[in-house]
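Residue numbers (our numbering), protein chains in the order written: chain W, 6 to 296; chain U, 5 to 348; chain C, 35 to 273.
Honestly, the hints are just simulated from the structure, not real lab data. For clarity, every value in this text was computed on a predicted model and none was experimentally measured. Incorrect hints may appear among the rest.
The calculated lysine-lysine pairs, modelled on PhoX-like cross-linking and capped at a C-alpha distance of 25 Å, are [stated by the list, open to error]:
hint, chain 1, residue 1, chain 2, residue 2
1, C, Lys149, C, Lys91
2, C, Lys91, C, Lys111
3, U, Lys195, C, Lys111
4, C, Lys111, C, Lys41
5, C, Lys41, C, Lys149
6, C, Lys211, C, Lys190
7, C, Lys211, U, Lys195
8, U, Lys221, C, Lys41
9, W, Lys271, W, Lys168
10, C, Lys41, C, Lys105
11, U, Lys221, C, Lys105
12, C, Lys156, C, Lys111
Stretches of chain C that chain U covers, calculated by requiring three or more beta carbons in the stretch to come under 8 Å of a beta carbon on chain U [what the hints assert, rightly or not]:
hint, stretch
13, 47 to 53
14, 152 to 158
We put the beta carbon where it would ideally sit given N, CA and C, even for glycine.
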Amino acid sequence: MIGLDYVANAVVSGILIGSVYSLVGMGLALIWGIMDVINFAQGDYMMLGAFVTYWAFTLAGVDPLLSVPLSFLVTFALGVLTQRVVIERVLDAPMVSQITATFAVLLMIRYGAEAAFGPYTKRIYVTYADVIYRFGTISLQLPRLIAFFVSLGVAVAFYVFLKTTYTGVALRAVSQNRMAAYLMGINVRKMYWIAFGIGVGISAVGGTLVATFLPIHPEMGGFYALIAFIVVVFGGFGSVFGAYISGIIIGVTESVSALFISPSLKDVVAFLLFIAIILVKPTGLFGTEQR
Amino acid sequence: MLQFIKEGLRDRNGQYFAIVAAVMLVAPLIFWKLDLPFAANAMLLCLMFSIMAMAWNLLEGYTGQLSFGHAVFFGVGAYTTMILMLYYRVTPWVGIFVGGLVAALVGLALGVPLFRLRSHWFALATIAVGEIFKLIFISWDYVGGSAGLQSPIVPEEQKLYYLQYAGSYVYIYLALGLLGLELLIMYPLVKSRIGYYLQAIREDEDAAMSLGINPFKYKMVAMFFSALFTGIGGGIYTVRFRFVDPFAVFDLISVSVYITIAGILGGIYSFIGPIVGSFVFVPISEYVRVYIVSRFPRFYGLHVFVLGVILLAISLLAPEGIMGWLEKKGYLRKREETGEVRKE
Amino acid sequence: MSLLEVKGVVKRFGGLVAVNDVSFSMDEGERVGLIGPNGAGKTTLFNLISGYYRPDKGRIFFDGRDITGRKPYEITKLGVGRTFQIVKPLSNLTVLDNVAIGALLRHPDVNEARKRAEEVLKLTGLYEKRNMRAGSLNLPEKKRLELSRALATEPKLLLLDEVVAGLNPSEVDELLKLLREINESGVTILMVEHVMRAVMNISERIIVMDYGVKIAEGTPQEIASDPRVIEAYLGREEL
Ligand SMILES: Nc1ncnc2c1ncn2[C@@H]1O[C@H](COP(=O)(O)OP(=O)(O)OP(=O)(O)O)[C@@H](O)[C@H]1O
Ligand SMILES: [Mg+2]
Chain W
6 MIGLDYVANA VVSGILIGSV YSLVGMGLAL IWGIMDVINF AQGDYMMLGA
56 FVTYWAFTLA GVDPLLSVPL SFLVTFALGV LTQRVVIERV LDAPMVSQIT
106 ATFAVLLMIR YGAEAAFGPY TKRIYVTYAD VIYRFGTISL QLPRLIAFFV
156 SLGVAVAFYV FLKTTYTGVA LRAVSQNRMA AYLMGINVRK MYWIAFGIGV
206 GISAVGGTLV ATFLPIHPEM GGFYALIAFI VVVFGGFGSV FGAYISGIII
256 GVTESVSALF ISPSLKDVVA FLLFIAIILV KPTGLFGTEQ R
Chain U
5 MLQFIKEGLR DRNGQYFAIV AAVMLVAPLI FWKLDLPFAA NAMLLCLMFS
55 IMAMAWNLLE GYTGQLSFGH AVFFGVGAYT TMILMLYYRV TPWVGIFVGG
105 LVAALVGLAL GVPLFRLRSH WFALATIAVG EIFKLIFISW DYVGGSAGLQ
155 SPIVPEEQKL YYLQYAGSYV YIYLALGLLG LELLIMYPLV KSRIGYYLQA
205 IREDEDAAMS LGINPFKYKM VAMFFSALFT GIGGGIYTVR FRFVDPFAVF
255 DLISVSVYIT IAGILGGIYS FIGPIVGSFV FVPISEYVRV YIVSRFPRFY
305 GLHVFVLGVI LLAISLLAPE GIMGWLEKKG YLRKREETGE VRKE
Chain C
35 MSLLEVKGVV KRFGGLVAVN DVSFSMDEGE RVGLIGPNGA GKTTLFNLIS
85 GYYRPDKGRI FFDGRDITGR KPYEITKLGV GRTFQIVKPL SNLTVLDNVA
135 IGALLRHPDV NEARKRAEEV LKLTGLYEKR NMRAGSLNLP EKKRLELSRA
185 LATEPKLLLL DEVVAGLNPS EVDELLKLLR EINESGVTIL MVEHVMRAVM
235 NISERIIVMD YGVKIAEGTP QEIASDPRVI EAYLGREEL
């Protein structure tokens, strides 16, 4: 029998890690919602964020928290580049070309990073890594707590950005009706650059946060991409709030189920869950009903 | 039969086919004489991926169902052949086909839920299924868990029964035979009513239904043959390498994505495109893997990076693949000529 | 016995009742027009008859069988052919192959089906374009392709959703002549059309829908003078 305190601990740590999942999912949802492009490489931009943080810390001693903007900016720039060089050209292409193009980006980033950084697991040891707070039977690791608040801050900032700034409003306009937005004088092409840049940038912040308390590896993006897909499918598109909550729900589900399911089958359950979700929500998202 | 061959040779394509077939039959002898094991191995892999990419393309090019999960069928075929041989002493001459059939049955079982999904969702789900199979085989003791299964070296007199030969030379003929079998089955299939129905489903499922086509039924037919020959590809792998493990045979990148790239590179709207794609793509990737990455293990991953570059180049520059590109440039007879009547 | 019998069908989309308790029947060999303002529910009714939607209520009988809830391809096999208002060509295939795929339903042999398809294309006037990519046709041609494909399935009942739209007057006359010929060869026709001249000309009987409800049914003369019909149209836009 598993004690209640274990469950409580699992819930709390699920919320904390879930807030990182939220960021990765939000980035994917932004790109998907605005351009109707599924970025298979989303998890790999997140990995880049983690490695930016790792190298900044290792080479220059930059505290991971200070590298949040750095990792955002580096991946933002890379995202804009990807959009201009790759995505832009397949926006109106058949589905196969779109999927294979982002898949190619995935292979280049993931294995380019592996060839460059080596196929090794890396870790950051910050001085506050082992600071643990206890509330009754619940214990909280400081880096995870920080990650939670940074993630919350990023989500709020993103929300405010979308609601109040010109660019944010323009982005939403483009996602609702590309043609109308164009006629209103919005530079759609530029909005797409920004969308892809911000989309991968937000996910990269997730990578930075993860790097403070989990080992990182060039191939880590695969797992987080799966999580991001579940977040998006579960939380729906175009809602920052939806993505945030669904990330946390998934974090909690994962960490609570880990108490009951053997670790080797844990991922099987995650994949099955993913298939189950998209089966239940079958044509709902893309199916055309107009005949 | 002779009549058939005579007629075939009168046709331009038939002549090309005869020449290519002759080269394929002679090449392994040359590799063997000149002692070129790398070339022989590359040729075997080309043939193995030709078999699988063509099978994959029945689903993607003909039916419009993009699978990133063909490693499942490859792995099931490879494991079945291995288990029959290792545990039941069944000759791989039979085991390879049983492996194909088991893979086909797995394909049908997966088709039931997966074919409810459209476009992106189908592709995503096939990735997830591939990972599920890998994880299950890793923790399944009967099939050797994460260590996999290895078949022992057999004494000389059992070599034929267990299909055990040094190098790739003999296996090239095995693969050629199986590719020939596939062509004999696939070509009539795609030229028949079924082939037309699959293309109708690819173009528009609603329109297809209005023409009396049950999309699910025909997708299942495509899945059956697609999984069957991909499983047979797995059997070839087992006899050649005598070792299967879940990380190798269920790998998303080096199996599923390889098959996909070979197919797309060659051209998904062409019957033989996937074969052409395999023969271009596999040697490049093998070269990088064997001559660069094996020598400099520090740069592990570089070979896959190169795949990424190739894949990106195709999807941006020639999304219709090599065959489609040749056709567009007028080097091949077009399938249809817009605006004017086709010469029969 | 009637060929098609629609009994009290209802189809809702969320709060909107797109088809509201519609009943009518058609005898073999009839030509019936189905008219109504935009959004009246005509296409939705077609989708119900041809099996693309399942009615929330009501039943549909075809040729003596209850086909309610049957799949579209089963209904096609039973002998209901349809066209799509928003055309759905098999874009990357040739015009001939588009039609041949329809013909394969009754002629499983590919060569035989292609022969049948050629005959159909000669009838519908697309024969010259048979080797073009279907996607490269213009809209009126695509509409005629829809018709050719449906004909190739050798239907007893043909559901035509705005096949006349976009044609110039002489083309309209030509098409109407063709539809009459098809009808005379024994095919029952139910057609949705906004071009009043065309429906009035070809239909023996007309059914009028508005806001999902059948508001009138009768001969073209009766319909043209029916105050409810006039109101339904004048209440919105031009006739
Ligand atoms: N799949 C759907 N989901 C939601 N609403 C729908 C759907 N299909 C149709 N509708 C709505 O149902 C109503 C009837 O539409 P329908 O297409 O049947 O009209 P119609 O009579 O064919 O019009 P038109 O003359 O413009 O073709 C409309 O209000 C339409 O917006
Ligand atoms: Mg309509």
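Hint by hint, here is what the structure shows:
For the suggested pair Lys149/C and Lys91/C, the alpha carbons sit about 42 Å apart, so the restraint of at most 25 Å is broken. At roughly 24 Å between alpha-carbon atoms, Lys91/C and Lys111/C fall within 25 Å of each other, so this suggested pair holds. The hinted pair formed by Lys195/U and Lys111/C meets the criterion: a straight-line CA distance of about 22 Å does not exceed 25 Å. As the CA atoms of Lys111/C and Lys41/C are separated by approximately 22 Å, the hinted pair is consistent with the 25 Å bound.
Taken as a hint, the Lys41/C and Lys149/C pair is broken in the structure, with Cα atoms around 39 Å apart against an allowance of 25 Å. For a cut-off of 25 Å, the pair hint linking Lys211/C to Lys190/C stands: about 19 Å separates their Cα positions. A C-alpha spacing of about 36 Å is found between Lys211/C and Lys195/U, which places the hinted pair above 25 Å, so the restraint is violated. A threshold of 25 Å between alpha carbons decides the hint, and for Lys221/U with Lys41/C the separation of about 31 Å lies outside it, so the pair is violated.
Pair hint Lys271/W plus Lys168/W does not hold up; C-alpha atoms about 38 Å apart against a cutoff of 25 Å. The suggested pairing of Lys41/C with Lys105/C holds, with an alpha-carbon distance near 18 Å, which does not exceed 25 Å. Taken as a hint, the Lys221/U and Lys105/C pair is honoured in the structure, with Cα atoms around 13 Å apart against an allowance of 25 Å. A threshold of 25 Å between alpha carbons decides the hint, and for Lys156/C with Lys111/C the separation of about 24 Å falls inside it, so the pair holds.
Judged by the Cβ-Cβ criterion of 8 Å, the stretch 47 to 53 of chain C is not covered by chain U as claimed, because only 0 of its residues qualify and three are needed. Check on the stretch 152 to 158 of chain C: 0 of its residues sit with their Cβ under 8 Å from a Cβ of chain U, so the three-residue criterion for coverage is violated.
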